[in-house]
Structures are given as C-alpha cells and as structure tokens.
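Asker: Listed here are the chains, written in short residue letters.
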Amino acid sequence: MPKAELPHPTRRELLRAGGIGLLTFSLGGSLVKMSPAEAQAAGVSLSVLSRAEAETLASLCERLVPGSREAGVVAFVDHQLAVSRTDCMLMIRYLGVDPPFTPFYREGLAALNAAAQSRHQLSFSKLEDASAEALIDALADGKIEGWTGPPPSFFYFVTRNDACDVVYGTVKGFKALGVPYAPHIMPPSEWGEPD
Amino acid sequence: MTALPAEKIDAVVVGSGAAGSHFAARLAQAGKRVAILEAGPARQNNDLVSSMLWARRLKSAGAPVLETGKDTVGYGFNAGSGVGGSTMHHYAVWPRLHENDFRVKSLYGRSRDWPIAYTDLQRYYDRVQAECGISGDHEKETTRPPGAPYPMPPVPVAEQGRVVASGFEALGMKVSPLPLAVTSRPYKGRANCIWDGWCDAGCPIGALANAQTIHLPQAAAAGATLHPDTEVVRILTSADGKRATGVEAVTHDGQRVRVMADVVVLAAFTIQNPRLLLASATPKHPNGLANRSGTLGRFITTHGAAPIFGLHEKETTPGFGAFGGQLLNQTHYDNKNAHEASGAFGSYQWMIANALKPNGLLGIAPTRPDIRGPALTAFMERATRHMISMTGVVEEEAMAENRVTLAKRKDAHGVPLASVAYTTNEASAALWNAAIAEGLSVFKAAGASESWNAPRASMHIMGGTVMGESAADSVTNSYGQAHDLPNVFIGGAGLFPTAGGVNPTFTIHALAARASEYLLKHWSSAVG
Ligand SMILES: Cc1cc2nc3c(=O)[nH]c(=O)nc-3n(C[C@H](O)[C@H](O)[C@H](O)COP(=O)(O)OP(=O)(O)OC[C@H]3O[C@@H](n4cnc5c(N)ncnc54)[C@H](O)[C@@H]3O)c2cc1C
Ligand code: SF4
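Just so you know, the protein sequences line up as chains A and B, in that order. Read in my numbering, the first sequence has 35 at position 35, and its numbers run on one by one without any break. Read in my numbering, the second sequence has 256 at position 256, and its numbers run on one by one without any break.
In case anyone wonders, no lab produced these hints; they're calculated from the structure. Glycine residues also receive a C-beta, built at the ideal position from the N, C-alpha and C atoms. One should not assume that every hint holds.
Unchecked claim - Subject to a maximum C-alpha distance of 25 Å in a straight line, what follows is the list of computed DMTMM-like cross-link-like pairs (lysine to aspartate or glutamate):
{"hint": "1", "chain 1": "B", "residue 1": "K521", "chain 2": "B", "residue 2": "E131"}
{"hint": "2", "chain 1": "A", "residue 1": "K172", "chain 2": "B", "residue 2": "E315"}
{"hint": "3", "chain 1": "B", "residue 1": "K410", "chain 2": "A", "residue 2": "D98"}
{"hint": "4", "chain 1": "A", "residue 1": "K126", "chain 2": "B", "residue 2": "E131"}
{"hint": "5", "chain 1": "A", "residue 1": "K172", "chain 2": "B", "residue 2": "E381"}
{"hint": "6", "chain 1": "A", "residue 1": "K175", "chain 2": "B", "residue 2": "E315"}
Claimed, not checked - Here are some of the chain B residues that sit facing chain A, going by a computed Cβ distance under 7 Å:
{"hint": "7", "residue": "S51"}
{"hint": "8", "residue": "W198"}
{"hint": "9", "residue": "P369"}
{"hint": "10", "residue": "T384"}
Please construct the entire structure, taking both the sequences and the accompanying hints into account.
Answerer: Here it is, written out as structure tokens:
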C-alpha cells in the first residue's frame, strides 16, 4: 500500500455534517438528495472544490476511468470532503493520510496543473491527448519535475480509485459490468438512493 | 442513550469489539455489573449497507495514529470504529494457531515464547467454536491442531476455488475448506450465509460471527450497559498505585466523566491499548501504567498480506462467496524454517478464492493500477468474470524495536497521539517474497493466462501489550492480567508475543474466554 508523506494540513475545513451518509447537495437553496451524476448534470454548486479544481479532477479522472466524469466523480469527491469524517466514503480515509483530506486533493490538483503549465503553458484540462497521457504516465511513475503536492503516484492511486468508485461501485456500475448487485441492504440512494 | 453508571460498578470494559464484547458477556452473565464504553458510534444491522463505498463508514475515524517506521502497520485500514469494532467488517477467517506458534523461542531460538502452549487454549478454542459457529472440515484440514470437529459443514467451493485448488494439486500441495466463522447452515437461531460476498461492508443477517451477532446481545441480555460515542481518555489508579479505580472518558457532548469500577478491561484494539496505558502515567507509574518492565508498546507485529491475482479462461464469478475465501492451504506452516535457504523465517497460509467486488481497496480495479482509460474498461469486463485470487497471511517476526510511543501531538481531548515505528525485518520480508513466488507458481500451474501480485500491505496488528511468564519482560500474565495492576485485564491481539501466520480473532476469543473464566474465579484477589 503506498505510504503518504504529507505535510500537516494547514487548513481546517468547514465540515458540513451530512445526514447519515445520504448524499445531499445544495441546489437553489434547498437540500435535495441527488446522485452525483444528477448533481453533475444539474450543475450543482460545489461545497469544497473550486470550479477550476473540479474541472482538473474531472478531466484527470475521465482519462483514468472512462465514464467517471458523467458518473459524477466531482460531485462525489466534493460532497465526501464536505461531510463529517465518520460519514466520509472516500477510500483515502483509511489510507493513513492525516485528516482533513481536502488539502490532499487541493494540493495534488494544483501540482498537476502546475506541471501542465510548466510543460505546455496550459492547464491540465486543456492539454491534448498525447501531452495529458504523458503527464499521467509521469504521475503514475512518481516522476514529475518540480512536483510539490502529495506523492504523485499516491495521488494517482487515490484519484483513480475515486473514479473507479463512481463508475464501478454503484448499482448502475455493477449492472453495466453485468455483475449482479445482490445486496443484503440496498444503498438508500443511487449510490446512495433507491432506483 | 443509556446513562453512564454514577455509582461504582464491577467492571468497566473499554471497547466493544471482539475482546470487549466477549469479556462483557461473560462477566455480566456471572452477575457482575458491567458497562462497555465505546469511542465510536452506535451501529445497527441496518447500517451495514451492501456497498464498498458505504463500507468505509465502518472504518476508524478516531484520533490519527502516526506511522513513522520504514513500513507501516496500516492502522487506518486495520482498525474499526463504533459498536462491534473491527469485527463488524472482518471476514471471519478463523483458523487456530498451531503448536509451534506458541514456542518460537524454544523451538527456533528466535523472538519469544508464549507463556502458554496450544494445549492450554485448546478447550477454549473448542468452546468459542461451539458458541460462535465455524464452518469447516477438521479431517480435511490435516494441518489443524487437535480439537473438536467444526460444528457446521464446510463452506461451498465454487469455480474460483476449484481453479486455484487445481494449481496447488498440480504442485503436490493440498487444500482444505477454509475455517470460517460464517454459517453454512442455520446455526443457533442465525440464518445461513447466502455467499453474496458483502462481508467487507458488514453482514447484517447474522451469518458472520461479529460482536453484534454474538457477544453484545448476550451482554445486553445479562444487564451490561453499552455506551457508544464515549471515548476513554485515561485509566485512573489509586493513590498508592496498586490498583486501577476506573476510567475517565469524554462523552458525545464533550463532557468529561468518570466511571469507577473494581475491574478495568482494556479492549480498545492493539495500538490504542498501549497508548491509553502510556498516557495514564502517574508518579507511581512514571513510564505508563503496567510498564515496570519497559515492554509496554514493544513487539508490535503484523501479517504481511501477500495477495495473488490472475485471469483464467474459465468463468469464475469472483464476486461471490465469502470475502475471506473458500479454501485453505498451510503446506509449510509447521516448519518456520521451510524457506531458510532464502533467509526467510516464519509461517504463512493461503486464504484461497476471496470474493472480489469490482471496486474498493480489496476489489478488482485497484489490483492493476497500471491500467487506465479504455484498457481499464476492457480489463474490468474480463476480470469481473474470470479473475482468481488468494491472499497469503505471512508471519512477521516480533521485534522489540517495533513499538508504540506517545507523540508530542495531542488529540482533541489532550491525549498524546500514538506513534508507531514499524519495520519488517529481513527474515519476514524474505518469507513474504517466498510466499509470493509460490503463489505465482500455483496460479501458473492452475492455468492462469496471466498472474500478478500486489505489494506487501499490513494485515492485522498484534503485540504492544505482550503476555509472558515474567513481570520483568512482559506486560501481562497469560490471562491478560497486568503484572503491575492486578485488576486491569487486557484483551485482544496486543497480548500475542508472536504473530503466527493465521488470522488472530479466533485466538482473541479463546484468550478472552480463558481470561474471563480466570477473572471470575479469582475476582477478590484481582480486586484486592
Ligand atoms: C478488513 C478486515 C478484515 C479482517 N478479517 C479478519 C479475518 O478474516 N479473520 C480474523 O481473525 N480477523 C480479521 N480481522 C481482524 C479483526 O477484525 C480483529 O482481530 C478484531 O476485531 C480485533 O478485536 P479487538 O477486540 O482487539 O478490537 P476491535 O474489534 O477493533 O474493537 C476495539 C474497539 O475499541 C474501540 N476503542 C478504541 N479506543 C477506544 C477508547 N479510547 N475508548 C473507548 N473505545 C475505544 C474502537 O472504536 C473499537 O470499536 C479483519 C480486520 C479487518 C480490518
Ligand atoms: S457472504 Fe455470507 S457472511 Fe458475507 S455478508 Fe453475505 S451472508 Fe454475510
């Protein structure tokens, strides 16, 4: 298992306690229970990530796991960063990273963009296929010159897993793979909520 | 929420997992007034949502543990939190330790001996097995030490198991049904397992022997009270330092409370038990409670997980079965020098044909982090049908320098965080390599079209409050009774002087059964 060597987080995040695990997104002032895919489609406001961070995360994850943008990876990560640590469903919560987890994402995404800027004078999401893929290769290998975020291959591992979670870890995801979900207790929303 | 006892009670139990729930049930059933304080939240079976995402809410959310060694013990992954502790997401692979595991020093001149032999635990294993139910086949499991036959027939073997078994057989090795504390038929009012592979998210139907299914209901029926969201921050001792008097805890609403008791049972899992003892130092116990020997916090061990994966032309439906697996192999277990030529020392076993869900840390997708993009989509489509897997449980040697100490940093309640320095020694690393090589050759022999392994990860955490014959070099006697504080009993795998190469929870229960029986018999001398 990769070992994170992170600087101690400098920022305390405003934690918004979610009703036990239900994914709730703020939309037009009211709290509506939505799946991350729906939230994405509705252009729902972000709780933690900035628009630019969200775009970087979405384009990285889409390259790692096709379909993850549409499946709502941004809404998923953003929401999980906002809920209490007990309710958090991100894999990072048990990978030995000191909470809160937002700095991990924020610094990783900033470092990825910085690397794209330094290589191509473009933000990551604007890179052409070949440049983006080469940068991801370097990320996975842990070899990016001037990188200042969390260990690059660990950042790759975590974001890839987040993307896998939204694409493969839901009832819909199992269905697309042709794997029967066969739950004891159905998650109460699409990933969450009744289908 | 049940009010905490205001009066002094007989026993306060810290932690509601395997060890704590077991102690609480036995003491309460003997008529003792018992309160269980649990740092994490309350849980009902309805909280055990079948999803690898929701499963993560069962993981530890307490104070972080700082990992400072060359390797890690993976506290975040290995620790549970909330009522039932890590039993709620454990896989119930329950083999017994073997005779040689108790005598590593006398047989091999390395590490430490246990203060007891297998024969001392045998009847407690038998008793726990009857109470909790284990499915298996004691005759086919030829490596199992003596004891009563398993009370339930073995776990069914599906295609994934058959495929991997063929690899072992081709190399002249035997497999047997995996001993699982899971119901292969209805057992003592519990439903039988339906092999849907959701164990990691917690089994809500009572098929798997977790604390919520077995010992917590018994404890409650006998009058023990359970207090979730109540974190113990200090063990209190008398002015003369000869006995514990109770514990100090912080409740959900931030109040500091004291629960006074004749006996303190410390069952807060491996790293937290020594942390609490160290953090409860007094002038009479300047180096931490129960630490006159200087051994407290030392001899932390873990098992090196050795995961092997492969793809096979046969359809293996890897998503189903029990998460822990279907079959067992312990060919080299009884000779800890079997791989001596490569400098390796220790025992290992294989848990064969683990259920694999598409996502999650132990799921299919992360096994090949090198694959991404459209190739990942293709891989997932194939692997969810054709994957095979097994996991080696590799003994790591108990070393004094692998230890828990208190960090300078404190948690929200002012308790110093635990810092764990852990480095796998060379002999254990060599054993892990030998296991991986064997595993890959088994998969090749099974006809896998490709096979690969994951890097070493820590699985289970043991040591830190080790038991021993002498108060000079151990923390407790063989009953988990602290040498220096006779009314403090420690439960859990922290007591293990050496790790063995099998999963620890059956042994945790056998030790708790033995210790609670002893405590009840010697109550007045323990209380003083
Ligand atoms: C994914 C996974 C799979 C596993 N599979 C297996 C398996 O197949 N076979 C096997 O034998 N073992 C398995 N295990 C290990 C097994 O879960 C543990 O051995 C067992 O639960 C440990 O029992 P315990 O009583 O020592 O601790 P736990 O069961 O973890 O209970 C400790 C409790 O103490 C509480 N606590 C901690 N600090 C405090 C405090 N200060 N105050 C109050 N309460 C506190 C915790 O919240 C926790 O609830 C697995 C573990 C994991 C994580
Ligand atoms: S496979 Fe069996 S033990 Fe595991 S969750 Fe399902 S019913 Fe429970």
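Asker: Of the hints stated earlier, which fail here?
Answerer: 4
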